[in-house]
Structures are given as C-alpha cells and as structure tokens.
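Engineer: Sequence:
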Amino acid sequence: MNQTAIGLIDVQRGFMPAEEGQRLETHGFGELPVPEGEQVIPALNRLVGAYAAAGAGVFTTQDWHPHVTAHFSDQPNFTTTWPKHCVDGTPGAELHPGLVLPGRHIRFIKGFEPLERGEDDLSYSGYYAEDPTTGHSLPDWLTARDIKTVILGGLALDYCVGETALDLRQKLGLEVIVALDGTRGIAEDSNASMLARFEEAGVLLSTTEALVNQLEAQAA
Numbered sequence: 001m002n003q004t005a006i007g008l009i010d011v012q013r014g015f016m017p018a019e020e021g022q023r024l025e026t027h028g029f030g031e032l033p034v035p036e037g038e039q040v041i042p043a044l045n046r047l048v049g050a051y052a053a054a055g056a057g058v059f060t061t062q063d064w065h066p067h068v069t070a071h072f073s074d075q076p077n078f079t080t081t082w083p084k085h086c087v088d089g090t091p092g093a094e095l096h097p098g099l100v101l102p103g104r105h106i107r108f109i110k111g112f113e114p115l116e117r118g119e120d121d122l123s124y125s126g127y128y129a130e131d132p133t134t135g136h137s138l139p140d141w142l143t144a145r146d147i148k149t150v151i152l153g154g155l156a157l158d159y160c161v162g163e164t165a166l167d168l169r170q171k172l173g174l175e176v177i178v179a180l181d182g183t184r185g186i187a188e189d190s191n192a193s194m195l196a197r198f199e200e201a202g203v204l205l206s207t208t209e210a211l212v213n214q215l216e217a218q219a220a
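Once you know that position 213 of the sequence shown is 213 in my numbering, the rest is easy, because the numbers rise by one and skip nothing.
Please keep in mind that the hints were generated in silico from the structure rather than gathered at the bench.
The beta carbon of each residue, even a glycine, is placed where N, CA and C say it ideally should be.
Be a bit skeptical, because a hint or two may be false.
When the alpha-carbon atoms are kept at most 16 Å apart in a straight line, the in silico EDC-like pairs for lysine to aspartate or glutamate are as follows [as the list claims (entries may be wrong)]:
id, residue 1, residue 2
1, Lys-84, Glu-113
2, Lys-148, Glu-175
3, Lys-171, Asp-146
4, Lys-84, Asp-74
5, Lys-84, Asp-140
6, Lys-171, Asp-181
7, Lys-171, Glu-200
8, Lys-171, Asp-140
The following label-pair restraints were derived from C-beta to C-beta distances [claimed, not checked]:
id, residue 1, residue 2, range
9, Gln-218, Pro-114, 42 to 48 Å
10, Gln-218, Phe-112, 17 to 23 Å
11, Asp-131, Pro-91, 18 to 24 Å
12, Asp-74, Gln-214, 45 to 51 Å
13, Leu-204, Pro-91, 30 to 36 Å
14, Gln-39, Leu-204, 33 to 39 Å
15, Pro-114, Ala-18, 32 to 38 Å
Assemble the whole structure, with the sequences as input and the hints as a guide.
Structural biologist: What follows is the structure in structure tokens.
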C-alpha cells in the first residue's frame with residue numbers, strides 16, 4: 001500500500017445540495033450543487049478508512065477561488081464560466097463535515113489564480129493543485145512517494161474527478177481507478193462522455209466494495 005494513494009477530489013460544501021446544508025444546519029452548501037453529491041460521503045469514508053489503515057497515502061483537493069476571477073460570472077455559460085462557488089476562506093470552500101480523514105493526509109488547493117479569461121482556467125484538474133504550505137504540486141507529492149496507483153472519488157465525475165483521473169493517467173502514467181459509488185456527476189450526457197474518455201485512456205472503474213474486498217484479500 002505504500003505505492004497507493006486515495007484522492008478525494010473537491011468534496012466541498014459548495015458542491016453539495018443545499019438541502020444537505022439545511023439538514024446539517026451548516027453554511028456553504030448549494031453554491032454549485034452536484035445532484036446526490038452528499039451520497040459519496042459513506043463510500044469515501046469506508047474507502048479511506050480501510051486504505052489509510054493499510055498504509056496508503058491520502059490527499060484531498062479543494063477549489064480555492066479568489067473573490068474576483070473570470071471563472072465566475074453573473075451570467076455563466078457553464079462551460080468556461082460558473083456561478084460563484086468555493087471562494088477561498090468561505091464556508092462553501094470547506095470540506096463536507098461528515099468526511100473522516102486520517103491525521104496524516106495532505107491537502108491541495110486549486111483554482112486560486114485570479115483569471116482574466118475563463119478559458120485559461122486549470123482548476124478542473126487536481127494535477128495542477130498545490131500544497132498551500134509548501135507550494136509543492138500534487139505530481140511532486142505523488143512522485144516523491146513513488147505512488148504507482150491512485151484511487152479517486154469526489155465531485156464531480158464529469159468535471160474535476162474526470163479531468164484529474166485523465167491527467168494522472170496520461171501525464172504521469174499512473175494506474176488510476178475511479179470508485180464509481182464514491183463520485184457523482186452533473187449530467188447523464190457529460191458522465192457518459194467522461195466514461196468513454198476513461199476507457200480510451202485506460203482509467204479503470206471499480207466500487208468501494210470491490211476495492212475494500214481486494215485489500216482484505218491481499219492482507220489475508
């Protein structure tokens with residue numbers, strides 16, 4: 001497990017339905033919600049708990065946008081511009097409070113550049129995320145740990161999870177597995193398109209149940 005990492009992509013309040021925030025009586029939910037986004041939490045907690053106990057590394061990514069950036073628009077096109085969400089230091093940028101993380105995990109942020117053009121945005125992929133303390137990138141961390149396999153979940157499948165998976169596979173040559181019950185997408189068409197890109201790139205699909213069973217079988 002020393003060469004395996006679990007990546008939790010943008011499991012943030014702003015990407016969760018507003019109803020989840022109402023249920024928890026917590027601010028920041030519903031800014032740019034992914035349908036059923038809150039349902040990834042139990043699967044991700046099970047995955048992280050099992051793999052962290054076995055020695056796998058764990059990292060998170062978070063959108064951490066400035067207040068003023070071309071990534072946002074009052075009239076978003078939902079392609080290069082979006083409603084304001086996950087602004088640095090605000091409740092919407094924080095992780096879902098139900099997410100259980102090990103003490104030794106590393107946090108990366110992305111999308112913190114004040115863009116002049118939405119087309120220049122690199123925040124969709126965790127490949128470009130950085131440790132805010134050291135400035136080291138996610139690829140730096142993966143390489144330093146000699147990671148060979150990355151298991152991903154989070155939000156959203158058809159955007160940030162998918163783009164991260166493709167970049168780690170195509171740019172770093174890693175084995176990348178997406179836990180399908182640990183992610184949700186925004187729309188059926190874009191989900192299907194992303195899954196087709198996965199197949200072409202060699203990104204693998206699995207479930208939390210299968211991954212944990214595999215881990216337990218290896219330990220037996």
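Engineer: Would you mind marking each hint as holding or not holding in the structure?
Structural biologist: Going down the list of hints, with the structure as the test:
no. : hint                          : in the structure
1   : Lys-84 / Glu-113              : 14 Å, holds
2   : Lys-148 / Glu-175             : 6 Å, holds
3   : Lys-171 / Asp-146             : 15 Å, holds
4   : Lys-84 / Asp-74               : 8 Å, holds
5   : Lys-84 / Asp-140              : 30 Å, violated
6   : Lys-171 / Asp-181             : 25 Å, violated
7   : Lys-171 / Glu-200             : 14 Å, holds
8   : Lys-171 / Asp-140             : 13 Å, holds
9   : Gln-218 / Pro-114: 42 to 48 Å : 46 Å, holds
10  : Gln-218 / Phe-112: 17 to 23 Å : 38 Å, violated
11  : Asp-131 / Pro-91: 18 to 24 Å  : 22 Å, holds
12  : Asp-74 / Gln-214: 45 to 51 Å  : 47 Å, holds
13  : Leu-204 / Pro-91: 30 to 36 Å  : 35 Å, holds
14  : Gln-39 / Leu-204: 33 to 39 Å  : 22 Å, violated
15  : Pro-114 / Ala-18: 32 to 38 Å  : 27 Å, violated
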